[in-house]
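2 protein chains.
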Amino acid sequence: MKDKQNKEITNRDVDFARWYTDVVKAAHLASYSNTKGCIVIEPNGYAIWEKMQSILDSKFKETGHVNVSMPLLIPENLLRKEGELVKGFAPEVAWVTSGGDKKLDERLCIRPTSETLFSDYFASNVSSYRDLPKLYNQWCNVLRWEKETRPFLRSREFLWQEGHTIHETKEEAEAETLSMLNIYNNFFHDYLAIPSIVGKKTEKEKFAGAEYTYTVESLMYNGVALQSGTSHYFGQKFSKAYDIKYLNRENKFDYPYQTSWGVSTRMIGALIMVHSDDYGLVLPPKIAPKKVVIIPIGNDLEILSLANDYLDKLKKEGIEAYIDNSDKSPGYKFADAEVNGIPVRIEIGKRDLENNMITLVRRDTREKMQVFTNTDIIHDVKILLEDIQRDMYDRALRRREEMTYTVTDLEEFETIMNSHPGFVKAMWCGNAECEEKIKEIRGTKSRCIPFTDEKISDKCVVCGKKADTLVIWGIQY
Amino acid sequence: MKDKQNKEITNRDVDFARWYTDVVKAAHLASYSNTKGCIVIEPNGYAIWEKMQSILDSKFKETGHVNVSMPLLIPENLLRKEGELVKGFAPEVAWVTSGGDKKLDERLCIRPTSETLFSDYFASNVSSYRDLPKLYNQWCNVLRWEKETRPFLRSREFLWQEGHTIHETKEEAEAETLSMLNIYNNFFHDYLAIPSIVGKKTEKEKFAGAEYTYTVESLMYNGVALQSGTSHYFGQKFSKAYDIKYLNRENKFDYPYQTSWGVSTRMIGALIMVHSDDYGLVLPPKIAPKKVVIIPIGNDLEILSLANDYLDKLKKEGIEAYIDNSDKSPGYKFADAEVNGIPVRIEIGKRDLENNMITLVRRDTREKMQVFTNTDIIHDVKILLEDIQRDMYDRALRRREEMTYTVTDLEEFETIMNSHPGFVKAMWCGNAECEEKIKEIRGTKSRCIPFTDEKISDKCVVCGKKADTLVIWGIQY
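Top line first, the protein sequences correspond to chains A and B.
Start counting the first sequence at 1; every next residue gets the next number (the working numbering).
Start counting the second sequence at 1; every next residue gets the next number (the working numbering).
Since the hints were derived computationally from the structure, they do not count as laboratory data.
Accuracy of the hints is not assured; some may be wrong.
Claimed, not checked - Footprint (simulated), chain A over chain B, 3 or more residues, beta carbon under 8 Å:
1) 22-35
2) 46-55
3) 87-93
4) 96-105
5) 113-127
6) 131-144
7) 229-238
Only a predicted model underlies this, so the values are computations on that prediction, with no experimental measurement involved.
All C-beta atoms, glycine included, are put in the ideal place defined by N, C-alpha and C.
Kindly produce the complete structure, drawing on both the sequences and the hints.
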């Protein structure tokens with residue numbers, strides 16, 4: 001059943017890690033580079049990133065944010081101004097020690113994140129409450145010196161956006177933190193067809209330097225969790241450390257309240273690991289850079305003219321489509337469209353056409369449908385794209401629900417994580433030692449404390465003491 | 001005449017360099033950062049860059065190019081594979097020597113440009129003529145350890161796009177080199193309203209490692225030239241150095257022909273230095289992120305409703321507009337619109353409105369026009385935007401023509417450059433020593449050899465020997 005392009009993809013249920021890298025390679029999403037731990041994002045992968053950028057960017061702008069560009073390099077003394085952030089990031093930054101073949105007086109680190117730079121900028125550019133809020137974002141590259149790397153999921157350099165805002169009041173900043181989390185969560189649901197969950201990180205898992213961190217967590221096909229986006233509330237920590245002082249409405253000096261939030265090319269990894277299969281990439285139509293491929297079978301003039309007719313009509317409807325008129329065999333073209341995750345394929349063949357039929361194939365289920373040419377094919381395609389988007393979400397949701405376990409017993413917790421991991425709901429007393437204990441189960445970490453009143457018992461799953469907090473736990477990438 | 005926002009702008013004719021940095025600051029385009037030689041591109045500056053990106057990116061895509069992302073860091077041995085490139089760039093790169101607080105076995109440089117990375121990628125991803133051409137581009141940051149820096153014109157880190165293509169034949173690659181030059185040149189003419197000139201660089205001034213370099217050169221208000229974009233033809237130099245071998249149509253191993261081309265945030269500097277004035281930024285409408293500002297004078301309900309009506313109508317026409325309804329004085333708002341370079345201002349005042357009039361103000365000439373409210377104001381604004389775009393180009397062209405001199409005598413050359421510099425057309429024998437000699441005149445360099453048969457004499461302006469080549473010379477940024 002498999003053609004050249006996808007026959008080299010490992011079976012997903014046999015070796016998930018190899019399957020993942022096989023799909024990345026076969027769909028030409030990324031390639032390893034000779035810069036250790038860094039990837040080349042190839043055209044197919046980058047086009048997905050551009051689609052993600054354009055959707056998110058317009059949502060950021062609709063909510064009043066503007067884009068800026070901060071420097072790539074951070075002087076060491078600037079990085080060291082906020083203690084917790086340094087502790088969190090210092091072990092994983094890259095240092096520039098010479099420039100223009102001269103040794104530098106002060107080392108510069110390549111930004112692992114830009115709280116320091118934004119804070120420093122705000123400090124010299126905000127002086128009055130009239131300057132607030134500042135709602136800034138940047139799309140850029142960052143670098144973290146990871147030991148183990150994997151395309152999109154964890155690489156030394158990655159692309160992301162980082163929003164950084166400062167506000168007059170705590171309430172406003174907290175509302176921003178939550179509102180950006182919701183933008184991310186909606187993006188996962190509405191575009192990526194990923195039924196992510198949201199909540200608050202525990203103290204141990206929050207971002208270095210944040211007062212608290214909200215997170216979007218997704219569950220991959222193999223039951224491993226992926227932190228997919230975060231939104232941090234800093235209170236006045238950074239504004240005090242970096243001396244972002246301003247004159248408030250009472251004409252007194254005050255420090256603004258700060259947030260930051262980010263998502264990265266890691267989302268491409270999530271897309272693959274939630275939706276793709278043994279035939280290659282499967283993309284939700286709303287995020288697919290190309291939604292429809294038209295494959296003429298043979299060089300018959302009638303076939304080619306119908307193909308062009310469909311292409312024109314699809315384009316007029318704003319549906320990204322293309323004709324595969326390469327000199328490859330039809331079988332090759334079908335497999336190519338599959339491995340690259342084109343959501344809908346239109347096959348136009350001579351015999352079919354004699355019966356006034358064409359074939360529509362949906363990528364997600366690989367289901368074939370014969371359709372009469374005298375019906376409104378474009379309308380059919382539109383409906384099909386919507387169906388695929390909805391069905392992909394529903395399947396992912398069903399899977400997530402099947403893989404979400406409610407546990408009141410530590411042994412059961414262990415059994416689940418060792419046999420068929422997923423999200424585990426269990427009560428927690430709030431003690432960091434109990435959290436540490438759970439880490440012994442295949443490195444399981446708290447994913448988040450969901451925004452819910454759900455209680456499944458009144459005892460901590462580890463120590464048995466009184467517990468008010470429901471935590472969702474999981475193995476993580 | 002000047003208000004708070006623009007009163008701190010130095011007179012352009014008194015001190016051009018200070019005027020430039022004053023405009024950058026007053027229009028909130030960029031700000032100095034605490035990372036030496038690197039700037040923060042602020043929202044107003046970044047919005048111009050986004051506009052440039054979106055126009056150019058669609059032109060690249062229309063011509064078959066796709067975007068990718070290459071690593072930021074280049075291992076030293078990879079950089080050193082092509083000798084001339086290394087010689088050109090090694091003195092101005094920044095070196096990463098430790099990562100995660102461990103000393104690295106091999107230094108990594110921050111990309112000053114990415115020929116090496118693209119070539120390395122092509123080497124492992126191209127094997128047959130069927131894989132050609134590759135028409136790649138990336139939007140990214142690069143770093144060059146400049147000693148003297150200036151916002152947008154020359155900074156250690158800057159943003160740019162770099163296209164990198166490989167082709168089966170010399171002819172195809174050379175056509176690409178020229179075609180990308182034309183895309184740049186048209187962009188300067190049609191959008192930036194800058195009458196740039198194009199041509200070939202001399203051997204001395206070409207890109208390190210290129211067989212030849214085409215260039216877009218613009219003339220600033222003060223007569224100084226700015227290299228504004230380049231397109232390089234590499235022949236097989238890099239493909240041989242990096243071993244990009246492929247099987248050609250005769251089933252023999254061959255090396256592809258390569259190009260690269262780029263423009264950067266330096267274009268923002270060009271926009272400022274060609275068009276702006278003592279009142280701040282002046283932007284050609286086609287590149288202005290916000291084209292129209294509506295300023296209601298007073299809080300009269302009729303005024304506000306008319307302002308909203310205009311805003312809706314402009315938006316419907318796809319014209320980016322906004323209402324300035326801050327609590328500032330009208331005078332402050334007018335000056336604010338001026339300093340920020342909003343091409344058209346609509347003032348709606350009570351007294352005017354009683355006479356069924358409003359006022360339109362064009363930023364470029366600061367001319368005021370009273371218009372009856374019962375005419376089609378939106379149509380008037382559209383025409384005005386077109387007029388401004390055309391007039392700005394025409395004025396810049398006239399200035400360039402006035403500042404372009406034809407010279408056959410070295411003394412005259414010197415007099416011009418010392419009193420009122422500009423583009424100087426003079427004949428050149430082709431000898432590098434003569435070129436070097438001209439550099440003694442205030443550092444004047446050859447800008448380009450234009451694509452023309454024009455000959456103004458048959459003698460080299462320096463040595464008096466036979467000369468076939470017309471060169472355009474200039475002082476440069």
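Next on the checklist: Can you tell me if the region 46-55 of chain B counts as covered by chain A, using C-beta to C-beta distances under 8 Å and a minimum of three residues?
Outcome noted: Since 4 is at least three, the answer is holds.
Checklist entry - Are there three or more residues in the region 22-35 of chain B whose C-beta lies within less than 8 Å of some C-beta in chain A? => result It holds: at least three residues are needed, and the region 22-35 of chain B offers 4 whose Cβ sits within less than 8 Å of chain A.
Next on the checklist: Using C-beta distances, would you say chain A covers the region 131-144 of chain B, given that this needs three or more residues below 8 Å?
Outcome noted: holds (count 4)
Item to check | chain A covers the region 113-127 of chain B, three or more CB atoms within 8 Å, holds or violated | outcome: holds (count 5)
Checklist entry - Counting residues of the region 96-105 of chain B whose CB is closer than 8 Å to a CB in chain A, do you get three or more? => result Three-residue rule met by the region 96-105 of chain B, so holds; n is 6.
Item to check | 8 Å C-beta test of the region 229-238 of chain B against chain A, three or more residues | outcome: violated (count 0)
Item to check | Assertion that chain A covers the region 87-93 of chain B - criterion: three or more residues, beta-carbon distance below 8 Å | outcome: Holds: 4 residues of the region 87-93 of chain B have a Cβ under 8 Å from chain A.
Figure legend: structure checked against the earlier numbered hints; the only hint not met is number 7.
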